[in-house]
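Student: Numbering of the sequence shown is given in the UniProt record's numbering, commencing with residue 1 and proceeding in unit increments.
Treat the hints as calculated values from the structure; they're not laboratory data. Be aware that one or more of the hints could be misleading.
What the hints assert, rightly or not - What follows is a list of derived Cβ distance ranges for each label pair: (1) Val-345 - Met-309: 34 to 40 Å; (2) Gly-420 - Thr-95: 58 to 64 Å; (3) Thr-98 - Pro-340: 30 to 36 Å.
What the hints assert, rightly or not - Below 30 Å or equal to it, Euclidean Cα-Cα: the simulated DSS-like pairs (lysine-lysine) are: (4) Lys-264 - Lys-353; (5) Lys-473 - Lys-458; (6) Lys-299 - Lys-168; (7) Lys-199 - Lys-229; (8) Lys-263 - Lys-373; (9) Lys-458 - Lys-412; (10) Lys-246 - Lys-353; (11) Lys-97 - Lys-41; (12) Lys-168 - Lys-229; (13) Lys-412 - Lys-190; (14) Lys-210 - Lys-190; (15) Lys-168 - Lys-458; (16) Lys-240 - Lys-264; (17) Lys-246 - Lys-299; (18) Lys-364 - Lys-190; (19) Lys-41 - Lys-374; (20) Lys-273 - Lys-39; (21) Lys-39 - Lys-107.
Beta carbons are placed, not taken as given, at the ideal position from N, Cα and C, and that holds for glycine.
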Amino acid sequence: MFHKKVVQLLTLSISCIFLSIQPAFAQDSSATKYPHELKLKLNEQIVTVNGQTQTLPVPPTLMNSVTMVPLRFIAETLGVTVQWDDATRLITLTTAKTKISLAIDSKDAVINGASTSLEQPATILNDTTMVPLRFIAENMDQSVSFDGTTQMITITNKHIQTAPVNEKRDKPTVDNLSIERPITDRSNVKIEDIISDSKSNLYMIDFDVKSQSYLYGILSYNQNNGDGKNIQHTTFIDSKFDAQYKDSKGAVQRVSYQNITPKKLYYDSLTDKLYLMAHAARPFVEEAVIIYEILPEVKMVTYNLESSMNEENNFISFLDQDHFYYSNAFSGKIFDFQAPNESKVIGFLPDKKASYVSLNTDGKMYILNKTNKKISKVNLDGTITEVASVNLDQITGASSRNGYFYISDNTKVYQVDVAGKMDQYTNVSLLTYNKGLYDPKTQTYEQPAVNDKIVDGKSVTDQVEDPGALSFKGSFLFTIDHHGNIVIYDSLNGIIRRINIY
């Protein structure tokens, strides 16, 4: 049972989160997100929503032993419709079954027509409306808990069941998710990056040197209903990617999509958006590193003019909606982008021209330097603090998911936490291979995999042998899906494969 002071503290925090409406916010706001878990601490602006960080305009603040939080944040995050009456300074919060009314600087509140009294009224702090956290959250069917040791406040939805913990397989299996490309095609068609979202989708950058239309495209495959014989493009790198930006002299430059080279994909689970980092290079035009939003729509988001090579070595760390840090590893700089502003340099990497992967956990940003095998914390002011090192001779590939780095050497994949603790995730020598092309709709295997092609104007069915064993050597391109399985582009066999860990 919480001490009264802690309960009041939580009440203020929830109030601040839910009532973070600024005085100019006079229009209705209806959010569509219903998170499972929010975590926040007093006097810290960084909060986490389902493991992804956000930055509050004003941190949770203790007032009269009650925790107050910004209204706008809590309302939008928990899917609460908000109305603001400028004349009376009355705030009305509404869900399908709950209506709460409270006014700035008044202890009187109404819940579904019943009057009640607040220990701390809503107030305005630094132009941000703050509301009592526990009062708002618990009346919106949220559970609130407080950890006195860590000072962490956790808010969860009472009606969302926690998913059962998956159990690891004793012997991981390997599924073939796509048909094997003929050997003659493998040098012409390449997969240059792969990433997964939180809805079983895989996205890949593909390059087809023989294409008569577009050299580059973004492929997508859904692990629940995808067709491994006919993986479709979400988009091609076409005129939608035509870029316009100002060079260092302020002159507007235009670069056609034909001079845009896609390098690396990034997924923001908080907003369910897919991003692309690309290189823009046209004769007699200053080069640029460009970041595009790919889904839900293609649009140029930001750019920088720093000298660059190997953009696939860069990281993007998402802080909030339309707010992220990203690197230019070639120049050794860290940029801060927050729409609608332009990117600005906020810090410097300790090791130029290295290769990085990032993750967010417990409201903090971390990066793994795959070259020197160091883990560092990226502070909000852009400074870098080394926190751990990875005891591995060589890293052949790296990814991140759910607060962990995943790295590979020539024979194993490891799960690594931000303190550098390594646990073996899988061993290539222990894998069992399922034969044939996996069909996720029927959960069966087509024996053997079939590849239809046109030869001399006639349709020919190629009986394709099952691909050989996986190798983690060289440049190992993989991602971790939302189930915790490893999805790989097997460049030796020209095929997408999945190691079923769970």
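Student: Confirm or reject each hint.
Tutor: Cross-check of the supplied hints:
Evaluation of the 34 to 40 Å hint for Val-345 and Met-309 yields a failure: the beta carbon distance comes to about 18 Å. Between Gly-420 and Thr-95 the beta carbon distance is about 43 Å. The supplied range of 58 to 64 Å is therefore violated. For Thr-98 and Pro-340, the Cβ-Cβ distance of about 34 Å falls inside the hinted range of 30 to 36 Å, so the restraint holds. Proposed proximity of Lys-264 and Lys-353 is supported: the alpha carbons are some 16 Å apart, at most 30 Å.
In summary, the hint linking Lys-473 to Lys-458 is not supported, as the alpha carbons are separated by about 39 Å, beyond the 30 Å threshold. For the suggested pair Lys-299 and Lys-168, the alpha carbons sit about 40 Å apart, so the restraint of at most 30 Å is broken. With a C-alpha separation of about 21 Å, the suggested pairing of Lys-199 with Lys-229 holds against the 30 Å cut-off. Distance restraint check for Lys-263 and Lys-373: the Cα-Cα separation of roughly 22 Å lies within the 30 Å cut-off, and the hinted pair is therefore satisfied.
Of the pairs offered as hints, the one joining Lys-458 and Lys-412 is violated, with about 44 Å between alpha carbons and a cut-off of 30 Å exceeded. Distance hint between Lys-246 and Lys-353 is fulfilled; the C-alpha atoms sit about 25 Å from each other, no more than 30 Å. For the suggested pair Lys-97 and Lys-41, the alpha carbons sit about 29 Å apart, so the restraint of at most 30 Å is met. Among the hinted pairs, Lys-168 with Lys-229 is consistent with the structure: their alpha-carbon atoms are about 29 Å apart, no more than 30 Å.
For the proposed pair Lys-412 and Lys-190, the alpha carbon gap of about 24 Å is at most 30 Å, so the pair holds. Our distance criterion of 30 Å between C-alpha atoms is met by Lys-210 and Lys-190, whose separation comes to about 11 Å. For the hint linking Lys-168 to Lys-458, the alpha-carbon distance of about 47 Å lies beyond 30 Å, and the restraint is violated. For the proposed pair Lys-240 and Lys-264, the alpha carbon gap of about 18 Å is at most 30 Å, so the pair holds.
Restraint check: the Cα-Cα separation between Lys-246 and Lys-299 comes to about 17 Å, which is no more than 30 Å; the hinted pair holds. Taking the CA atoms of Lys-364 and Lys-190, the gap is about 35 Å. The hint is violated against a cut of 30 Å. The suggested pairing of Lys-41 with Lys-374 holds, with an alpha-carbon distance near 28 Å, which does not exceed 30 Å. Of the pairs offered as hints, the one joining Lys-273 and Lys-39 holds, with about 22 Å between alpha carbons and a cut-off of 30 Å not exceeded.
For the hint linking Lys-39 to Lys-107, the alpha-carbon distance of about 26 Å falls within 30 Å, and the restraint holds.
In summary, the numbered hints that this structure violates are 1, 2, 5, 6, 9, 15, 18.
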